[in-house]
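S.K.: Spelled out, the chains give:
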Amino acid sequence: MKTMNRTLVTLAGLALLVSAVAAQAIQINGAGATFPNPIYSKWFDEYGKAHGNVRINYQSVGSGAGIRQIQAQTVFFGATDGPMTNEQLQGAPGKILHFPTVLGAVVPVYNIPNVTAELKFNGPVLADIFLGKITKWNDPAIAKLNPDVKLPGDDITVVHRSDGSGTTYIWVDFLSKTSPEFLKKVGINTSVNWPTGVGGKGNEGVSGLVRQTPGSLGYVELIYALQNKISYGSVQNMGGEFVKATVAAVTAAANEAATKMPADFRVSITNAPGKGVYPISSFTWLLLYENPKDKAQSKAMVDFMKWALTDGQKYCADLGYAPLPENVVKLEMAALEKVKVS
Amino acid sequence: MTRKDLTFRIGTGLFGALLILIVASIGYELVRQSMSSIQKFGLSFWRTEIWDPVAGQFGALPFIWGTLYSSIVALLISTPIALGIAVFIAELCPGWLRQPLVFLTELLAAIPSIVYGLWGIFVLVPAIRGLETSMPTVLRQLPIFSGPPLGVGMLSAAVILAVMVIPFTSSVSREVLKSVPPAQREAAYALGATRFEAIRAALFYARTGIVGAVMLGFGRALGETMAVTMVIGNNPRVSLSLFAPQYTMAAVIANEFTEAADELYLAALVEIGLVLFIITLAVNSLSRLLIWSMTRSSTAVAAVEPTPEPTAEAA
Chain X
100 MKTMNRTLVT LAGLALLVSA VAAQAIQING AGATFPNPIY SKWFDEYGKA HGNVRINYQS
160 VGSGAGIRQI QAQTVFFGAT DGPMTNEQLQ GAPGKILHFP TVLGAVVPVY NIPNVTAELK
220 FNGPVLADIF LGKITKWNDP AIAKLNPDVK LPGDDITVVH RSDGSGTTYI WVDFLSKTSP
280 EFLKKVGINT SVNWPTGVGG KGNEGVSGLV RQTPGSLGYV ELIYALQNKI SYGSVQNMGG
340 EFVKATVAAV TAAANEAATK MPADFRVSIT NAPGKGVYPI SSFTWLLLYE NPKDKAQSKA
400 MVDFMKWALT DGQKYCADLG YAPLPENVVK LEMAALEKVK VS
Chain Y
16 MTRKDLTFRI GTGLFGALLI LIVASIGYEL VRQSMSSIQK FGLSFWRTEI WDPVAGQFGA
76 LPFIWGTLYS SIVALLISTP IALGIAVFIA ELCPGWLRQP LVFLTELLAA IPSIVYGLWG
136 IFVLVPAIRG LETSMPTVLR QLPIFSGPPL GVGMLSAAVI LAVMVIPFTS SVSREVLKSV
196 PPAQREAAYA LGATRFEAIR AALFYARTGI VGAVMLGFGR ALGETMAVTM VIGNNPRVSL
256 SLFAPQYTMA AVIANEFTEA ADELYLAALV EIGLVLFIIT LAVNSLSRLL IWSMTRSSTA
316 VAAVEPTPEP TAEAA
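Protein chains in written order, with my numbering: chain X, 100 to 441; chain Y, 16 to 330.
Treat the hints with care, since some could be wrong.
[Said to hold, decoys possible] Estimated spans, in silico, between C-beta atoms of each pair:
| no. | chain 1 | residue 1 | chain 2 | residue 2 | range |
| --- | --- | --- | --- | --- | --- |
| 1 | X | Pro251 | Y | Tyr43 | 41 to 47 angstroms |
| 2 | X | Asn128 | Y | Gly99 | 50 to 56 angstroms |
| 3 | X | Glu186 | Y | Leu58 | 25 to 31 angstroms |
| 4 | X | Thr184 | Y | Leu154 | 45 to 51 angstroms |
| 5 | X | Asn128 | Y | Gly57 | 37 to 43 angstroms |
| 6 | Y | Leu58 | X | Thr173 | 30 to 36 angstroms |
| 7 | X | Lys405 | Y | Leu146 | 57 to 63 angstroms |
| 8 | Y | Met150 | X | Lys232 | 24 to 30 angstroms |
| 9 | Y | Leu255 | X | Asn128 | 44 to 50 angstroms |
| 10 | X | Leu325 | Y | Leu58 | 45 to 51 angstroms |
| 11 | Y | Gly57 | X | Lys235 | 39 to 45 angstroms |
| 12 | X | Thr173 | Y | Leu112 | 43 to 49 angstroms |
[What the hints assert, rightly or not] Taking lysine-lysine pairs in the DSSO-like style, the calculated list, with each CA pair at most 30 angstroms apart, reads:
| no. | chain 1 | residue 1 | chain 2 | residue 2 |
| --- | --- | --- | --- | --- |
| 13 | X | Lys392 | X | Lys437 |
| 14 | X | Lys394 | X | Lys374 |
| 15 | X | Lys405 | X | Lys194 |
| 16 | Y | Lys55 | X | Lys283 |
| 17 | X | Lys394 | X | Lys437 |
| 18 | X | Lys284 | Y | Lys19 |
[To be verified] Chain Y stretches covered by chain X per the calculated footprint, using a threshold of three residues with CB under 8 angstroms from any CB of chain X:
| no. | region |
| --- | --- |
| 19 | 58-67 |
| 20 | 163-176 |
| 21 | 241-255 |
Don't read these hints as lab results, they were simulated from the structure.
Glycine included, C-beta positions come from ideal geometry on N, C-alpha and C.
So here's chain Y without its partners, still in its complex pose (with noise of 0.2 angstroms):
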């Protein structure tokens, strides 16, 4: 090894281990400054439902809830739809068309969350209402279904959260299926396949990189703050409901960081920020488990390693 190969590898190797150190020392600042709240609430903190700034009572459920909530059925409606979009770019899609498309598609990721959320004030919020108001009275009986129809509430949240997931999931799963070799589709095709077939089977083989696109989205949509709290309704209860205001950990921290003048309250949404911490780090080692897994119980190789996902992202 000559004299510069050995400085690059020294440099490379400090700026991988400064990232370590920049996460771990968040890891340890999030705990000492919550320290209090800790102390005082224990592991009761995770599963308490009230938030009470007079009382100096905190309890992070239904910010868990609420973030977590509203993140899975985001995923819900944006997974089918990235992913058509995804499959029609790389595989249908005539090639006057792709590049325009792809444009439009990142240019979602580059809207500021602000302006998606006047966007959900202003033309969403009106249009779940009229949906609430509008939906029969049976379907209003079940529980996912009822409370008044204020418009504001997880349903508005989760369809905006699913827009802004949209473009992170189908960027990464359509560069997924154009790493897939071409050998593959050409054998499915000299096998008989259809045209769907053939897709099909790309898709087979691209699953752990849309997986991990899948994720990617997944982080993004736990972490955003701004178009959430304007929409959400930012009400701490626990709530089946679709159509009920609820809240999550990010926007409790950007609403009330700035007027928290005791200390424990202040803890305590510090903890609220290392529970979030805590949860990403979660999902992030689950969706690894899960890429793990997959690759293992058979000899498809990943196509791309899944991105770690920006979490908390700024207000």
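Here chain X stands alone, though its shape is the one from the complex (with noise of 0.2 angstroms):
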């Protein structure tokens, strides 16, 4: 008991000169999507090892949470994994910049009975399925792309997520980009008013859901079909050619996206064009303000931003996000010089 006691009377004392030192550190929070919450700790974690004086926060609370924190600066930095709009950046009282940090993509995932073969998808065809137009499996417009696939007649269960998302605006962004009917009676948000369907909380609900469901297609992350092993089918890029989701297949995507990058980095690269293109690839962003108030803050944050667009993107592969192109990490470098440290 006693040989207890001293050892909690030291840690006690050990915590007290921990966050002694600590308090001299520098703290930065920053609040935002989940989706790249892991990587993101990742980053924080292997920063904070190698410069002990700054210590970064992050709670991965959703993109629209961490729009919300920045613009009431609450937070120093945000996340999002949909670009800010016009009308959120004016609500904000300084101006905010955009930085891509990863790539992610989104796949279709499905269940059907008795065929294991992989089935190959197109947008216009995703968006009928999702509007409830395309209701069977055998469905002239699913079978004309799998002409070697013998397809049941069984009806599809759509599965979509139930929470806010960025998987969501993801796919929603690809269906409205390649069907014009989606876009006028769906349309692009982190959540939407589905027109047909079931709703599973998270990636995990989702694929849960269409495990259990004989017939159904879902969407999941990347990551995470790569994770679970989740079997999931290709899409046909603007090329025509059917990609199925790869880390290199999403770092194209954006490579092709960097010749028309505007100033901003706000871009949507799904169906981006070019060869070997997955088309359902999106960037996911850290928002900063352009003059923070911190000006030390700042300094910190600018350079473990540079840290991480360039050492950092090798804890992408291990993570399953793809790593940014070279020619947008070069362009984001000169853009970061536009934060004012002093």
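Fit the two chains together into the complex; they arrive one by one in their own frames, and the hints show the way.
M.R.: Structure representation (structure tokens):
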């Protein structure tokens, strides 16, 4: 008992010491998207090890909450899966800059009894299924894309996300670009008014429902499908190729976009042109004020960003994210100079 | 009155006032935060079936419907079971079995709702789907059983809610039955009543307390979030079918709040919270009224007052 007490006292002393040291360090708080949370946590952890005086805290509370918090200046940086709208930017007290950090992709997952072949999809067919216009697996439109597969006459059960999500944003962004009807009837947002189907909470909710429901079709993040070994279909890109999502195919999509990158980096790269491009890909963004109040934090954050965009990218592969192409990194390095650090 | 008495009275009085203040400020804050939605949609918010974040069109009807429908079906399932458990434990159970049974029913209340949700996804939903696919087509024609056999939907949500509500209703009913004076039963036996008749008399005596127990369960069912959203299918459409995917108020708030960035959308979500608050208040008041009218209509005294229910349980 006595030794235990002594240990406790020592531990408490240590904790005091550690917090005293940490108090001198620069603390930076951020909040936002859940999708990049694993890589952000890894980055902040690794960067903190090398730079003991900088501590970055991140709350993965969702893109919408991240945008609200940076607008209210309760956090130093925000993070979002869908770029901020002009309206939202005007609602902030200062100019907010977007910085793409990594790339993600969304894949169609399905469960059809007795079909093991990999299915091929394109935008208009996926849009019609999610609009409730194509209701059977042996619909001629699906059969035309998959001439070698014997499709059953079962009903298609559409599974979508019930929670607001950047994954939904990317998915409906692609469907809206390839189907004018989908754009008109459903539109683009982190949650939308789905005409059909059931909602699952989170990637795990959607994949759980798909796995259990014969004849279902849903969408999940590529990382999630890779880590959980869920089979998914290939999707036709703008050039007509059917591409299965891989890390390389996602980076290729960003590479194509880099040539026409707008100065504020707010760009959708779904349905991007080019060879070998996976069409349902997207950046995820980190949000910073151009002229932050606290210049010490600003300096530390810019230094961190330079590290994350270069050395930090090597952690992507392990975690299933696609790294940024070099030409995008080059553009961002130049843009980081705009952030005022003194 | 001594000085100590006075301090005690003022102290406890302050705590009482604090409670009123908390409830009032929750109501005030909900109204304040949902102002832009209230101004835009007015009363039509309560009867509109559209929930379209892209177009900025919001209505609470599917969520109100889903919440009430799932809670009522859950009560229909749970009340007989919970009462059966309570009667058995309080009246018929051999002594050595009583404590283990009490412990087990109370354990049901201690399971986190996310665990119920996981159980729902992996066990209950496939079982319900099996039931749906094996149901004869004649029955499937009825509007209450129509729709494709998805497994997720109203029935799964109601069953999971029923399981979650049982420990509350049965524990309170058991305590109510235990507090029925022995003289009541003895009098029944003295009149030559059988065991069944004596228990029936005790149940009648305890009826106001039992209604309170059922209403406590109702409140719990109204506010349950996590387990329901995992199995109900989250589709904001009003449907009579038990097999159709639907949605509840608590679930839509939990699902969409974090990603709601524009002001009207956020205000509409807070207004859903306000609607849930009002409905819970109304249900509570109604149950009070019911108990009041029951106690007034007879000389029987309520054995146990209904406890105010916890609502909008933290997910």
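S.K.: Each hint needs a verdict: does it hold in this structure or not?
M.R.: Evaluated hints:
no., hint, in the structure
1, X:Pro251 / Y:Tyr43: 41 to 47 angstroms, "violated, 57 angstroms"
2, X:Asn128 / Y:Gly99: 50 to 56 angstroms, "holds, 54 angstroms"
3, X:Glu186 / Y:Leu58: 25 to 31 angstroms, "holds, 28 angstroms"
4, X:Thr184 / Y:Leu154: 45 to 51 angstroms, "holds, 49 angstroms"
5, X:Asn128 / Y:Gly57: 37 to 43 angstroms, "holds, 39 angstroms"
6, Y:Leu58 / X:Thr173: 30 to 36 angstroms, "holds, 35 angstroms"
7, X:Lys405 / Y:Leu146: 57 to 63 angstroms, "holds, 59 angstroms"
8, Y:Met150 / X:Lys232: 24 to 30 angstroms, "holds, 28 angstroms"
9, Y:Leu255 / X:Asn128: 44 to 50 angstroms, "holds, 49 angstroms"
10, X:Leu325 / Y:Leu58: 45 to 51 angstroms, "holds, 49 angstroms"
11, Y:Gly57 / X:Lys235: 39 to 45 angstroms, "holds, 42 angstroms"
12, X:Thr173 / Y:Leu112: 43 to 49 angstroms, "violated, 56 angstroms"
13, X:Lys392 / X:Lys437, "holds, 15 angstroms"
14, X:Lys394 / X:Lys374, "violated, 43 angstroms"
15, X:Lys405 / X:Lys194, "holds, 20 angstroms"
16, Y:Lys55 / X:Lys283, "holds, 23 angstroms"
17, X:Lys394 / X:Lys437, "holds, 13 angstroms"
18, X:Lys284 / Y:Lys19, "violated, 70 angstroms"
19, 58-67, "holds (count 3)"
20, 163-176, "holds (count 5)"
21, 241-255, "holds (count 6)"
Of the numbered hints given earlier, the model fails hints 1, 12, 14, 18; all others are met.
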